[in-house]
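Student: So you can see what is in the structure, the chains are spelled out below.
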Amino acid sequence: MKKTKQVSLVLITAALASCHKPGNADWVNANGQHRRVYIRSDSTAPYARMTHPAGILLWYYAFRPYGSYSYFSGYRRVGYYSSAISQRSNIGLSGEKGGIVRGGFGSGYSVSS
Amino acid sequence: MQRHTLTPRNNWQKEVEKLGFGFHTTNVPYWDESACYEFSMDEILLIERASAELWDCCLGAVQYVMDHNLYYRFAIPDQFIPYIEKTWQEDHPAIYGRFDFCYKDGVPKLLEFNADTPTSLYEAGIVQWFWLQDYDKGKDQFNSIHEKLIDYWKYLKSYLYPGPLHFSCVKASLEDLTNTEYLRDCAIQAGLQTKLVFIDDIGWDTNDQVFVDGQDEPIKNIFKLYPWEWMIAEEFGANILADRNKSFWIEPAWKMILSNKAILPVLWQLYPDCPWLLPAYFEPGRLTDYVKKPILSREGANIELIRGTSTLQITPGAYGAEGYIYQQLATLPDFDGNHPVLGSWIIGQEPAGLGIRESSTLVTDNLSRFIPHYIR
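For the protein sequence lines, the chains are A and B, in the order given.
Residue 101 in this note's numbering sits at position 101 of the first sequence, with consecutive numbering throughout.
Residue 88 in this note's numbering sits at position 88 of the second sequence, with consecutive numbering throughout.
Keep in mind that the hints were calculated from the coordinates and are not lab data.
Certain hints may be false.
[What the hints assert, rightly or not] Taking CB as the label site, the calculated pair distances span:
| # | chain 1 | residue 1 | chain 2 | residue 2 | range |
| --- | --- | --- | --- | --- | --- |
| 1 | B | G285 | A | S107 | 34 to 42 Å |
| 2 | A | S8 | B | K139 | 20 to 28 Å |
| 3 | A | S8 | B | G138 | 16 to 24 Å |
| 4 | B | Y161 | A | S107 | 21 to 29 Å |
| 5 | A | Q6 | B | Y135 | 12 to 20 Å |
| 6 | A | Q6 | B | G60 | 35 to 43 Å |
| 7 | B | A75 | A | S8 | 39 to 47 Å |
| 8 | B | Q193 | A | Q6 | 21 to 29 Å |
| 9 | A | Y109 | B | P29 | 15 to 23 Å |
Fair warning: this is a prediction, and the values are worked out from it, not measured in the lab.
Every residue, glycine too, gets a C-beta built ideally from N, C-alpha and C.
Start from the sequences and build out the full structure, keeping to the hints where you can.
Tutor: The structure is reproduced here in structure tokens:
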């Protein structure tokens with residue numbers, strides 16, 4: 001029954017523990033307001049075509065998460081950006097994304113069983 | 001089995017956080033070392049024996065379900081049956097499961113088998129072990145979870161496809177992430193190349209017809225802490241059948257049969273003399289004192305405890321659409337209003353350890369507390 005004398009972990013550290021705390025105060029500012037949450041721009045928040053109110057398709061905003069596009073220098077990202085998703089998936093027209101779609105799993109909240 | 005009340009360690013929160021155990025307290029305590037359970041070696045040996053025998057029974061029951069095409073009892077869609085049988089016949093890699101026992105009068109009785117997505121693995125394998133080192137180093141514990149996980153990942157290594165073993169769970173749950181990262185930790189120690197991808201970041205390459213991770217690399221081996229019944233009902237579910245890589249999903253799809261409470265009447269039909277089983281049926285009216293359980297439910301939801309004409313407890317929830325089973329009532333032992341359920345782990349093919357969750361009611365739900373144990 002007894003374990004070996006040395007039980008070691010190589011991956012799990014205090015870093016995981018620091019993720020802790022429901023209702024973490026970090027998420028609420030001094031005025032009790034929730035901090036702004038930036039939604040990541042992969043297909044878990046599906047891209048949609050954006051149009052100007054006049055009905056003009058805004059190609060340089062469509063399919064791009066956050067940033068600006070210049071005809072000369074190309075796309076330049078700003079603000080929140082997730083390195084968890086590859087550049088190819090995050091940026092570019094949908095045809096350039098290699099036909100990869102995301103978000104087809106994961107509607108459940110927690111397994112906890 | 002005896003319950004003892006204790007004074008928790010000073011700064012116990014820091015002690016467990018040092019181990020990476022961040023969800024020790026939510027709005028109610030989860031890790032609770034103000035009490036512990038003591039077992040004799042004979043009691044532990046019996047629990048171990050019961051777990052080993054039930055594992056054999058479960059494998060027999062899976063084969064029976066397949067041979068007699070009983071999938072309709074499990075609400076498993078027809079299109080997944082060939083795939084489930086393929087994962088069984090080809091013996092796709094599987095790593096673990098947890099039997100939940102009602103332990104009373106010295107006999108463990110099976111309440112259910114968490115065969116697909118059991119949690120509390122980290123608490124059972126690591127946190128309670130380090131608690132015991134502080135509480136009484138000289139005592140033993142039914143706990144070889146850590147060593148068996150590493151050993152079994154080593155064993156599985158040669159059965160996996162070349163390339164990394166991905167690990168996946170939902171983003172929103174630290175509990176799920178900790179359990180998943182713990183399994184990954186053991187896989188790394190076993191020499192496997194691993195990669196974490198959250199379940200909602202998994203991509204489907206519509207050109208190549210394969211699953212990909214966040215960096216668009218193909219997924220060929222993946223451990224998922226995410227239930228099969230959810231996966232097959234979601235948008236990507238059908239892609240599992242179309243996957244050109246024929247990826248290994250761990251736990252494999254045949255665990256859908258064992259993790260479903262419809263397995264309980266099948267087990268009883270096949271092994272009525274097994275001392276670890278409670279009578280269970282698909283039909284109502286065969287038992288006087290019984291528990292009505294949805295075949296698919298989680299965290300003690302939608303359970304009804306009936307004794308004669310009295311209802312002892314009903315829990316709320318959103319489950320039950322797929323049907324119910326009826327299992328003979330076995331009320332959990334009562335230690336001053338604390339009701340423990342014993343979770344007996346199977347790692348690989350062997351009993352590996354014990355984790356105890358305690359509730360204030362007869363149904364173990366998501367407010368239950370994890371209580372450590374030792375062998376005297």
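Student: Now tell me, hint by hint, if it's right for this structure.
Tutor: Hints, verified against the model:
no., hint, in the structure
1, B:G285 - A:S107: 34 to 42 Å, "36 Å, holds"
2, A:S8 - B:K139: 20 to 28 Å, "21 Å, holds"
3, A:S8 - B:G138: 16 to 24 Å, "22 Å, holds"
4, B:Y161 - A:S107: 21 to 29 Å, "27 Å, holds"
5, A:Q6 - B:Y135: 12 to 20 Å, "19 Å, holds"
6, A:Q6 - B:G60: 35 to 43 Å, "38 Å, holds"
7, B:A75 - A:S8: 39 to 47 Å, "43 Å, holds"
8, B:Q193 - A:Q6: 21 to 29 Å, "24 Å, holds"
9, A:Y109 - B:P29: 15 to 23 Å, "21 Å, holds"
This entry satisfies every hint, going by the numbered hints stated previously.
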